[in-house]
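Order-wise, the sequence lines are chains Y and U.
Residue numbers are given in my numbering: position 145 of the first sequence equals residue 145, and the series is strictly consecutive.
Residue numbers are given in my numbering: position 110 of the second sequence equals residue 110, and the series is strictly consecutive.
Among the hints, a few may not be true.
To be verified - Just so you have them, the derived chain U footprint on chain Y, three or more residues with Cβ under 8 Å:
{"#": "1", "segment": "3 to 13"}
{"#": "2", "segment": "20 to 34"}
{"#": "3", "segment": "45 to 54"}
{"#": "4", "segment": "112 to 123"}
{"#": "5", "segment": "138 to 146"}
{"#": "6", "segment": "149 to 161"}
Simulated from the structure, these hints should not be mistaken for lab results.
Backbone N, C-alpha and C fix where the C-beta goes; we use that ideal spot for every residue, glycine too.
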Amino acid sequence: MAYINLPEGLPGIRGPMAFRPETAKPLNLLAEILLRDDNNTLTRGERELIGTYVSHLNDCFFCQNAHSGLAQHYLQCDTDTVDAIVHDPEHADLSSKMKALLGIAAAVHKGGKYVKPEHIERAKMEGASDVEIHDTVLIAAAFCMFNRYVDGLGTWAPADRTFYVNRGPARAEEGYANYSPHH
Amino acid sequence: MAHIKLPDGVPGVRSLAMFRPDTGKHLYDLVQVLLRGQSPLSPAERELIASHVSAGNNCRFCTDSHAAAARELYGEMSRIVDCAIHGGDTSLLTEKMRALLVIAGKVRENGKKVRPEHIEAARNAGANDRDIHDTVLIAATFSMFNRYVDGLATLTPTDDAIYAEMGKRLAIQGYVPPEPSGV
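Just need the whole structure built from these sequences, with the hints factored in.
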């Protein structure tokens with residue numbers, strides 16, 4: 001049971017968002033522009049991977065599975081593939097640029113000051129632009145927020161991982177901005 | 001020097017909102033509603049939570065700008081801010097605020113560190129669902145901002161007077177996004 005009285009039957013972040021819609025609105029608009037806006041040189045799949053990875057590092061079950069489901073949809077891959085990426089990105093089947101960006105995300109997860117010039121240099125050498133580096137840091141930072149919101153209120157999450165995979169296509173279509181927690 | 005090319009001489013999150021106004025807008029909107037919108041916690045109390053979390057995350061820009069805002073908002077009671085953030089002395093705080101700061105500190109570490117006993121202590125001290133929700137979300141949000149601001153190595157002023165000015169502006173005007181840099 002959650003630590004506060006949330007509306008019934010809403011998993012993960014949905015309960016808190018239904019509890020307080022005025023804060024949910026900018027949170028969802030932020031997610032929409034960061035993760036789903038196609039005017040971005042990082043693909044939706046790549047950005048969802050960053051979110052999934054950071055959620056995995058923060059050990060947030062709901063978030064890592066929800067975003068893995070989306071990543072699998074966009075990248076047309078399966079749970080095992082995304083699991084392999086988040087467990088060991090350096091040896092996964094990823095572009096060198098993505099490996100560098102996930103290195104930055106891992107540092108952000110520990111704390112802003114853990115991002116060192118070497119992380120940035122590596123990303124730039126692999127062709128990452130300033131905007132891509134900015135977005136990687138902000139996505140990683142934002143998931144450090146979302147993960148804490150979800151777990152800090154003791155929300156519940158469906159334990160069956162296939163739930164999130166099955167929901168992937170619908171969630172990809174629906175997006176974040178028009179998101180209704182009651183869906 | 002910042003990790004990406006940001007507007008010269010502009011500090012902290014402001015430089016980032018100028019670099020990427022479309023994400024900056026939602027970040028400012030979030031903080032405005034979170035720290036100034038309707039809540040059982042006063043703006044002063046909410047700024048204190050923000051500053052406390054930022055101090056725990058070692059982010060000087062965020063700690064000092066929100067401490068300055070808290071001082072302005074606490075007015076005659078401004079001594080409370082330094083005691084709670086730098087001195088560790090929480091005796092000037094209400095029992096409820098003390099319990100909520102404990103929760104905020106746990107959220108800062110990881111959402112899962114919040115345990116039922118922390119919630120119970122807050123409830124015994126008179127905290128309701130909204131107090132707890134807002135505390136968790138503020139702590140989560142600043143866990144994001146601290147990482148964003150330091151993760152890109154934005155400019156951190158070292159002059160206390162600059163933060164004092166920021167505090168006045170934040171107390172009076174709230175959170176208004178800057179004009180885009182047009183770079």
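Comparing the hints with the structure gives:
With a threshold of 8 Å between beta carbons, the proposed coverage of the segment 3 to 13 of chain Y by chain U holds, since 3 of its residues qualify and at least three are required. A count of 10 residues in the segment 20 to 34 of chain Y with a Cβ less than 8 Å from any Cβ of chain U is obtained; the coverage claim is therefore met, three being the minimum. Proximity of the segment 45 to 54 of chain Y to chain U, defined as three or more residues with a beta carbon under 8 Å from a beta carbon of that chain, is not established by the 0 residues found. Only residues whose beta carbon comes within less than 8 Å of a beta carbon in chain U count, and the segment 112 to 123 of chain Y has 5; three or more means the coverage holds.
With 7 residues bearing a CB less than 8 Å from a CB of chain U, the segment 138 to 146 of chain Y meets the requirement of three and the coverage assertion stands. Residue count for the segment 149 to 161 of chain Y with a Cβ under 8 Å from a Cβ of chain U: 6. That meets the three needed, and the coverage hint holds.
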